[in-house]
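2 protein chains.
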Amino acid sequence: MKKKVLKFGGTSVGSIERILHAAKIIQNELKNGSKLIIVVSAMSGRTNELIDMSKSVSNNFNKRELDVMLSTGEQVSCSLLSGALNDLGINAKSWMNWQIPILTEGEHNNSRIINMNVDKINNFLKDGGVAVIPGYQGISTTGDITTIGRGGSDATAVAIAKIFDTDSCEIYTDVDGVYSTDPNKIPLAKKIDKISYEEMLELSSLGAKVMQSSAVQTAMMYDIPLQVRSTFTDRLGTKIFNKESLDYSKVVTGVAYSKDDAKITLQSVEDKPGIAADIFEPLGKNQINIDMVIQNVSSDGKTTDITFTVKRNDIEKSLEILNKNNKIKSKNISFKNNVAKISIVGAGMVTTPGVTYKMFRALAEEKINILAISTSEIKISVIIEESSTLKAVKKLHNIFNLD
Amino acid sequence: MKKKVLKFGGTSVGSIERILHAAKIIQNELKNGSKLIIVVSAMSGRTNELIDMSKSVSNNFNKRELDVMLSTGEQVSCSLLSGALNDLGINAKSWMNWQIPILTEGEHNNSRIINMNVDKINNFLKDGGVAVIPGYQGISTTGDITTIGRGGSDATAVAIAKIFDTDSCEIYTDVDGVYSTDPNKIPLAKKIDKISYEEMLELSSLGAKVMQSSAVQTAMMYDIPLQVRSTFTDRLGTKIFNKESLDYSKVVTGVAYSKDDAKITLQSVEDKPGIAADIFEPLGKNQINIDMVIQNVSSDGKTTDITFTVKRNDIEKSLEILNKNNKIKSKNISFKNNVAKISIVGAGMVTTPGVTYKMFRALAEEKINILAISTSEIKISVIIEESSTLKAVKKLHNIFNLD
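Top to bottom, those sequences are chains Z and P.
Numbering (my numbering) for the first sequence: 1 to 403.
Numbering (my numbering) for the second sequence: 1 to 403.
This is chain Z alone, in the form it adopts within the complex (with noise of 0.2 Å):
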């Protein structure tokens, strides 16, 4: 008999409606003879509506006190979908993150799950319950509520099936799956069946919000497959797995694009041993998440020039950031609002020459600006004007066979 982890995400549990929904859904499921553990996230927009209410308490609100508010929109589905279950004939039960226990451990707002108790709803499962759990969320070990940072109910789910050893693991969301480029912008963009836990990896750290990263990252750890599948079809979604399960017919994956992206460049700064740490230690301990960074090879021997982009409404504190540290000598700073990020990402790239002069012919016939480059085994980024973002997407998706 089959153990599955069924995670639900917040538009999957948004409304009555959609509870009432997952619940059909989940009792499909269990006819087809699987044993289930269910994981939800808070109804869409409640997470959002707590973390107001708390902004208007303080802009320096007590992040103990936060994670006991924020656990509550996913205690409240919890409570639904058992309900819904319930209503069904089904023998479900909530369990909340203090009763399993799910230890986390880490800072308030951003822990991480390092252990739950499995024997209890084991148990349960045997007897043929079906267990729904908060996503998102535990108790640190001296017994305070947890979260596990934004869109930490994917995590929950890995982790889950990683500790109970399910057969798999199925992330109901509000999209069919994976696509090739954003399928609201670009029509033409295709639902991809397979794909590798690193292109995933790379497709969601680059702006495709399907599932989130840290949660990918863990099932490739431990090799669980993954399936990204929409709540409101039939159709089988996405799946996910290891690099070798896969064969390559195409090149590039996916074509991803963020825009809200802007770009700093220091120019003429000491080119010395700990330049960078010096430039991007502040930036860290000031929680600015640094994206790219170039840095050429020095031209003169002495000086270098330094480009990286950040989210871009951290600009003006980087700047200011960068203005006050007295370890950077050349204080030749520039930046560029309004710049976008396109990458195109395939694990087919690593074997296939040619790949990174096809892109850059391409946005050439586009008389597309590249401003700064930056490739990995799997990845190639570059950074341009952020308005021939569409152009640039649709070109790179055609050329690469994704249409």
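Keep in mind that the hints are not guaranteed to be accurate.
Where chains are identical, the list cannot tell them apart; a pair therefore holds if satisfied intra-copy or between any two copies.
Straight-line C-alpha distance at most 30 Å; calculated DSSO-like pairs for lysine-lysine [said to hold, decoys possible]:
no., residue 1, residue 2
1, K126, K63
2, K395, K302
3, K162, K358
4, K31, K55
5, K285, K120
6, K63, K24
7, K194, K391
8, K329, K55
9, K31, K2
What the hints contain is simulated information worked out from the structure, not anything from laboratory work.
Go by the hints and put chain P onto chain Z.
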């Protein structure tokens, strides 16, 4: 140093503004050097929102899961108030029912607090902390979340006052105390400065929605002085003591009325032992609350008339159950919707003759017909036509010198 319980009701934490205001009240109490345990209700309206959601899922929503959901209401206000206190530089911390724990027994949705652990919270108070605790909930001996019935936050506050042996228990609410009658309808209504537990019990069971009856009962049993006061004014409110500490210059303390009543009369039922039980047992088992019961002396020695009141929305169900009841031989059942119960309450009544007569005479002067009468040591209730409610209340308020 005084140890106090302050309880903030739903309207007192009903918005961010009000939560910030409650935090200020707590800050002032701390300046007076008190050690404080705070009990909070859910933000006003939230419990009903959650109940409505459960009803949209199922008309017969699982009671265990309902408790899981309802308990989140107080959890959110606990967190918000703790965060607001932290923001004022106060070492406040929320404690969930399972973290304390608050142990309950009895059914879901209607449990009773039987005990709670005091050590962790007492240590926290000793270190200068302010403990913020959700009202209306606890956990069962099996570790499930339970709630203790609507309005149960008062009961939590009184239970904490008892178990932590505090010096007082102050109920912050949206009215500035207990009134001689409904101040919204009778402008001459006066705030009562001091009242006995017994009178308060009669008044609150008669529709004065200031405090939950079972909480007053517990306070009476353990002689815990209560104070009902407004969150929105500095007035002292109403103190609730035991009878011995009060003097009675007035015979009648208050006039109460409830309007959603209906009257049922069973004529010529067999006058034999057990007949009342035969009538009321099936009603009780169907969760129908019986209020007043009047049985006249049998005139012929064989049959008697029994009149009782129920809430108006229970009338149809009640009649159905009575008609099905084979143990009632004579079934001449009549009923009347649109009746109201008017009560005068006063601990001084016991020692003052003529109160009953004075009440009936006053109603007669207003040409108000009395449909049924019931008396206790400190209360006289009459059933009248609903349309005469205000006229009756005004008259009684006046003749018993309460204006």
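Hints, one by one, checked against the model:
no. : hint          : result
1   : K126 <-> K63  : between (38 Å within a copy, 23 Å between copies)
2   : K395 <-> K302 : neither (40 Å within a copy, 99 Å between copies)
3   : K162 <-> K358 : neither (40 Å within a copy, 78 Å between copies)
4   : K31 <-> K55   : between (45 Å within a copy, 26 Å between copies)
5   : K285 <-> K120 : neither (41 Å within a copy, 35 Å between copies)
6   : K63 <-> K24   : between (37 Å within a copy, 21 Å between copies)
7   : K194 <-> K391 : within (26 Å within a copy, 78 Å between copies)
8   : K329 <-> K55  : neither (39 Å within a copy, 66 Å between copies)
9   : K31 <-> K2    : within (12 Å within a copy, 61 Å between copies)
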